[in-house]
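For this one, chain A is given, so just place chains B and C on it according to the hints.
Chains as they are written, first to last, in our numbering: chain A, 1 to 346; chain B, 1 to 346; chain C, 1 to 346.
Just to be clear, a hint being listed does not mean it is correct.
The list makes no distinction among identical chains, and a pair is therefore deemed to hold if it is satisfied within one copy or across any two copies.
[Stated by the list, open to error] Derived PhoX-like pairs: lysine-lysine, alpha-carbon spacing no greater than 25 Å straight-line:
(1) K193 x K241
(2) K326 x K310
(3) K33 x K277
(4) K4 x K193
(5) K193 x K33
(6) K46 x K193
(7) K4 x K33
(8) K277 x K241
(9) K226 x K188
(10) K241 x K33
(11) K96 x K193
(12) K241 x K52
(13) K52 x K33
(14) K310 x K46
(15) K226 x K277
(16) K33 x K226
(17) K241 x K188
(18) K52 x K277
(19) K241 x K46
(20) K277 x K46
(21) K193 x K226
(22) K95 x K193
No lab work stands behind these hints: they were computed from the structure.
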Amino acid sequence: MQGKTLGELASHVGGRIHGNADLIIVSAGTLDKAGPSDITFFSNRKYESQLKTTTAGAVILAAQADTPASQLIVEDPYYAFMQIVVLLHGHREHKKIGVSPSASIAPSAVLGADCHIHPFVTLSDGVRVGDRCIFYPGVFIGPGVQIGDDCIFYANAVVYDDCRIGNRVILQANATVGEDGFGFSTHKGIHHKIPQVGRVVLEDDVEIGAGCGIERGTLDDTVIAKGTKVGDMVTIGHGTKVGPHCLLVPQVGVAGSVTLGHHCVLGGQVGVVGHIKIGNLVNIGAQAGVIGNVPDGSIIVGSPAIDANKARRAYALIADLPEMRKTIRLLQRQIGELEGKEDLNK
Amino acid sequence: MQGKTLGELASHVGGRIHGNADLIIVSAGTLDKAGPSDITFFSNRKYESQLKTTTAGAVILAAQADTPASQLIVEDPYYAFMQIVVLLHGHREHKKIGVSPSASIAPSAVLGADCHIHPFVTLSDGVRVGDRCIFYPGVFIGPGVQIGDDCIFYANAVVYDDCRIGNRVILQANATVGEDGFGFSTHKGIHHKIPQVGRVVLEDDVEIGAGCGIERGTLDDTVIAKGTKVGDMVTIGHGTKVGPHCLLVPQVGVAGSVTLGHHCVLGGQVGVVGHIKIGNLVNIGAQAGVIGNVPDGSIIVGSPAIDANKARRAYALIADLPEMRKTIRLLQRQIGELEGKEDLNK
Amino acid sequence: MQGKTLGELASHVGGRIHGNADLIIVSAGTLDKAGPSDITFFSNRKYESQLKTTTAGAVILAAQADTPASQLIVEDPYYAFMQIVVLLHGHREHKKIGVSPSASIAPSAVLGADCHIHPFVTLSDGVRVGDRCIFYPGVFIGPGVQIGDDCIFYANAVVYDDCRIGNRVILQANATVGEDGFGFSTHKGIHHKIPQVGRVVLEDDVEIGAGCGIERGTLDDTVIAKGTKVGDMVTIGHGTKVGPHCLLVPQVGVAGSVTLGHHCVLGGQVGVVGHIKIGNLVNIGAQAGVIGNVPDGSIIVGSPAIDANKARRAYALIADLPEMRKTIRLLQRQIGELEGKEDLNK
Numbered sequence: 001m002q003g004k005t006l007g008e009l010a011s012h013v014g015g016r017i018h019g020n021a022d023l024i025i026v027s028a029g030t031l032d033k034a035g036p037s038d039i040t041f042f043s044n045r046k047y048e049s050q051l052k053t054t055t056a057g058a059v060i061l062a063a064q065a066d067t068p069a070s071q072l073i074v075e076d077p078y079y080a081f082m083q084i085v086v087l088l089h090g091h092r093e094h095k096k097i098g099v100s101p102s103a104s105i106a107p108s109a110v111l112g113a114d115c116h117i118h119p120f121v122t123l124s125d126g127v128r129v130g131d132r133c134i135f136y137p138g139v140f141i142g143p144g145v146q147i148g149d150d151c152i153f154y155a156n157a158v159v160y161d162d163c164r165i166g167n168r169v170i171l172q173a174n175a176t177v178g179e180d181g182f183g184f185s186t187h188k189g190i191h192h193k194i195p196q197v198g199r200v201v202l203e204d205d206v207e208i209g210a211g212c213g214i215e216r217g218t219l220d221d222t223v224i225a226k227g228t229k230v231g232d233m234v235t236i237g238h239g240t241k242v243g244p245h246c247l248l249v250p251q252v253g254v255a256g257s258v259t260l261g262h263h264c265v266l267g268g269q270v271g272v273v274g275h276i277k278i279g280n281l282v283n284i285g286a287q288a289g290v291i292g293n294v295p296d297g298s299i300i301v302g303s304p305a306i307d308a309n310k311a312r313r314a315y316a317l318i319a320d321l322p323e324m325r326k327t328i329r330l331l332q333r334q335i336g337e338l339e340g341k342e343d344l345n346k
Numbered sequence: 001m002q003g004k005t006l007g008e009l010a011s012h013v014g015g016r017i018h019g020n021a022d023l024i025i026v027s028a029g030t031l032d033k034a035g036p037s038d039i040t041f042f043s044n045r046k047y048e049s050q051l052k053t054t055t056a057g058a059v060i061l062a063a064q065a066d067t068p069a070s071q072l073i074v075e076d077p078y079y080a081f082m083q084i085v086v087l088l089h090g091h092r093e094h095k096k097i098g099v100s101p102s103a104s105i106a107p108s109a110v111l112g113a114d115c116h117i118h119p120f121v122t123l124s125d126g127v128r129v130g131d132r133c134i135f136y137p138g139v140f141i142g143p144g145v146q147i148g149d150d151c152i153f154y155a156n157a158v159v160y161d162d163c164r165i166g167n168r169v170i171l172q173a174n175a176t177v178g179e180d181g182f183g184f185s186t187h188k189g190i191h192h193k194i195p196q197v198g199r200v201v202l203e204d205d206v207e208i209g210a211g212c213g214i215e216r217g218t219l220d221d222t223v224i225a226k227g228t229k230v231g232d233m234v235t236i237g238h239g240t241k242v243g244p245h246c247l248l249v250p251q252v253g254v255a256g257s258v259t260l261g262h263h264c265v266l267g268g269q270v271g272v273v274g275h276i277k278i279g280n281l282v283n284i285g286a287q288a289g290v291i292g293n294v295p296d297g298s299i300i301v302g303s304p305a306i307d308a309n310k311a312r313r314a315y316a317l318i319a320d321l322p323e324m325r326k327t328i329r330l331l332q333r334q335i336g337e338l339e340g341k342e343d344l345n346k
Numbered sequence: 001m002q003g004k005t006l007g008e009l010a011s012h013v014g015g016r017i018h019g020n021a022d023l024i025i026v027s028a029g030t031l032d033k034a035g036p037s038d039i040t041f042f043s044n045r046k047y048e049s050q051l052k053t054t055t056a057g058a059v060i061l062a063a064q065a066d067t068p069a070s071q072l073i074v075e076d077p078y079y080a081f082m083q084i085v086v087l088l089h090g091h092r093e094h095k096k097i098g099v100s101p102s103a104s105i106a107p108s109a110v111l112g113a114d115c116h117i118h119p120f121v122t123l124s125d126g127v128r129v130g131d132r133c134i135f136y137p138g139v140f141i142g143p144g145v146q147i148g149d150d151c152i153f154y155a156n157a158v159v160y161d162d163c164r165i166g167n168r169v170i171l172q173a174n175a176t177v178g179e180d181g182f183g184f185s186t187h188k189g190i191h192h193k194i195p196q197v198g199r200v201v202l203e204d205d206v207e208i209g210a211g212c213g214i215e216r217g218t219l220d221d222t223v224i225a226k227g228t229k230v231g232d233m234v235t236i237g238h239g240t241k242v243g244p245h246c247l248l249v250p251q252v253g254v255a256g257s258v259t260l261g262h263h264c265v266l267g268g269q270v271g272v273v274g275h276i277k278i279g280n281l282v283n284i285g286a287q288a289g290v291i292g293n294v295p296d297g298s299i300i301v302g303s304p305a306i307d308a309n310k311a312r313r314a315y316a317l318i319a320d321l322p323e324m325r326k327t328i329r330l331l332q333r334q335i336g337e338l339e340g341k342e343d344l345n346k
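With the rest of the complex left out, here is chain A (with noise of 0.2 Å):
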């Protein structure tokens, strides 16, 4: 690594320093880690004691402030150190191997320049794959499906048959798009399989994963669109629609039918219930259970999920329960006496 100055990294991110322009940084780092060859970063308030003992070489923050280091102030910190990382370390490099001959690759599939297929790979019939994508080893794209450009499936993921992959989609390691989704007839108390129609539809610069289960449709395509990203072990429902921009946590479970707009943010475990609809910009808290349809803006936690402000509030009272029903029985004890005493005086 050979590092760049504080000002060129100014400069590349828009910001301005206070301290020393000509320091020489060579990776970036965590506020209570990085050395003084390193950047780091500050946005979160609870760190902010580590601001002032930090040993790192400069800090990148919204606001002057106590600290050692080096400062370079931009607007976004977070976005800066996004660009200054990219910039450092870039984003991980894949071997150009080429078409591995160990790859099963069926005749009828088509394969865009520059792609680098690993061993063990298997394209079925009818397969289309745009330029520069990247399968790892272990990787299955089932029959008649379509992947755009610069794609990069890592290993042992997954794709069932004729879903449709936009551009610069990744999919983790063992994530898994398209299965059958849960959809039985109940008759005579027996399960019958419904046929699963439709497809999965992975739209341009979505993230996957891993471990992750998307359900195809049962008729209408399940969709995830452009932007969303989405944590390990999450499932998706057969037939819902995940709006653009979206962040799935990992473990989040939504189920089918459901309509998701756009930059949504639902935190970790959260389970939704199928066939409802979650507004625009919505964020729901880790562990949330939605059981309704919740209106733009809305900020909600709980199961059930409630307003957030409130449920704050509602759900730390559960602790006081104990102590609530005590008073309430001395306040019956107490009422039973004035009573009492009423019914002398009269």
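The following block gives chains B and C in isolation, referenced to the frame of chain A:
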């Protein structure tokens, strides 16, 4: 696709027609998206308004209703719908590829007739597979596993040593069956692994979702009885017995040594603690936490799970806790004042 | 199986016998299913009634009890049971297949002595593997990964680039280690991927369950310290440090930048928010939601998680909320009447 007349569909499912029996139906669609040559169904009240405005050629439903579509009236609309989707679209067709030379098949493995084994599949020593099974790429079958007829294992599904798999079992992609149970003996602060000597038994017509983990038993087998369907990312603990014809919705977690009866339905993200007994025909709402035995026929929700009728009101009242506490404090003040006056009355 | 006398088992585990020391024990079984040549154990009070009716030849327990079985009395029955299961049944045996010609091994990868590498395994550039490691089919090891001795990676487990794996580490099937952390910088509505420069470090004797996802760190490593056992489908966020000898039961989710102490136990489906510190010897009940720092030795349950003693009563009272509100309303009426009479008394 060639299509069928609505009359043909009606006789296929044993229903009667209100409308045009000669209408040609080509495919199935949802109430809001189906077109004039599509058939749809109505069984969820939520979509009642769409029934009046649907552009579908025909709709399957339980009783004559106000809709522009021709009506196919049957006792169980969702079951008839399933039959018609199967008729019009069929289940997924699997390419007849025979046994790939790129599969790794132990000399002692025995394959039935008409099996289709894709590249990169492993069948270990002593594996026995019935007739007409289909194993997609990356499937791993451990030593001594026995598998019935007509099974479909999707890409990268894994079955550990000695497990027993019935007929018509489906494993979705990246599912794991028979991994070691989470069994450790903690002695002087060290967790010692207990050999997991039991197996997993999947009976006939079981389906296991993508990314599931079904632990083998410590001593006893883990059993999933016939006809039970398991959604994505479900985990079943060691030695647990899931009864026949259950539905375990995605992300359910059942700990070890649990017994479930027949025809239970566990909603998404339900958790069940170990060493308990859940009766027959039990219905457990999404995200519930079950911490004790459950009698036959119970409908429970919440964490901790309680009777659903009670729970729906009780859990909804959490939102009212701040108001309730305010009222209690007001009552305390009022009673204090009354008691003061009472003293004055003396 | 040849069997051992109960006397031999007693001296193996350092226990004393009440009953027949010459009894031949062939295998281990559960209290309710063990037969006359089986040994079982008793440590969970729940099964006390089965102790009196067991048909087992022998039972391991902590104190002499009323049972028809011969008794092997030891201080820690479950630990003795583990030792005896290992003695009678042993751990899984792995076929000695050497290095398969159907594996894909980079010329620069270095393998220790007596490794067994199955078909369709990938070892990328610069991988170093210690002695006696076993990699099942479909395992993928990314560039630069270093692995100690005596590791067992089951089918389709994946380790991303540059991760560090200690000795005796077990990865169950379809586990993912080192996928990108869920790290994005959101700027003007677009989520920009932050290169995840950290690694995952799994120390000695760690076990990772089927279908897990252990995210690599953004800058710092994600660390799972020695002796910690992780159940199926657990997700660990980027940069989190899990201390030694913890137990993380299936479906636990720990967000990023969390620090856990040693000997913590996290029950099934527990969720932990990011950027907090959990002390040593902390016990967290199933489905709990942890949203703040937790001191050493705490036992907490509930979502939000609170002290377990308090929580068990508090969360159980949710079921009484409708009754409590009814009582409060009644009290309001009674007080209203009393105040009315009080006014009349004036």
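Hints versus structure:
| no. | hint | in the structure |
| --- | --- | --- |
| 1 | K193 x K241 | both (22 Å within a copy, 23 Å between copies) |
| 2 | K326 x K310 | both (24 Å within a copy, 14 Å between copies) |
| 3 | K33 x K277 | between (44 Å within a copy, 17 Å between copies) |
| 4 | K4 x K193 | between (59 Å within a copy, 21 Å between copies) |
| 5 | K193 x K33 | between (54 Å within a copy, 22 Å between copies) |
| 6 | K46 x K193 | between (50 Å within a copy, 23 Å between copies) |
| 7 | K4 x K33 | within (20 Å within a copy, 56 Å between copies) |
| 8 | K277 x K241 | within (10 Å within a copy, 36 Å between copies) |
| 9 | K226 x K188 | between (42 Å within a copy, 15 Å between copies) |
| 10 | K241 x K33 | between (42 Å within a copy, 14 Å between copies) |
| 11 | K96 x K193 | between (43 Å within a copy, 22 Å between copies) |
| 12 | K241 x K52 | between (46 Å within a copy, 23 Å between copies) |
| 13 | K52 x K33 | within (13 Å within a copy, 59 Å between copies) |
| 14 | K310 x K46 | within (24 Å within a copy, 28 Å between copies) |
| 15 | K226 x K277 | within (19 Å within a copy, 35 Å between copies) |
| 16 | K33 x K226 | between (36 Å within a copy, 22 Å between copies) |
| 17 | K241 x K188 | between (32 Å within a copy, 23 Å between copies) |
| 18 | K52 x K277 | between (46 Å within a copy, 20 Å between copies) |
| 19 | K241 x K46 | between (35 Å within a copy, 18 Å between copies) |
| 20 | K277 x K46 | between (34 Å within a copy, 12 Å between copies) |
| 21 | K193 x K226 | between (31 Å within a copy, 14 Å between copies) |
| 22 | K95 x K193 | between (42 Å within a copy, 20 Å between copies) |
Of the numbered hints stated above, none is contradicted by the structure.
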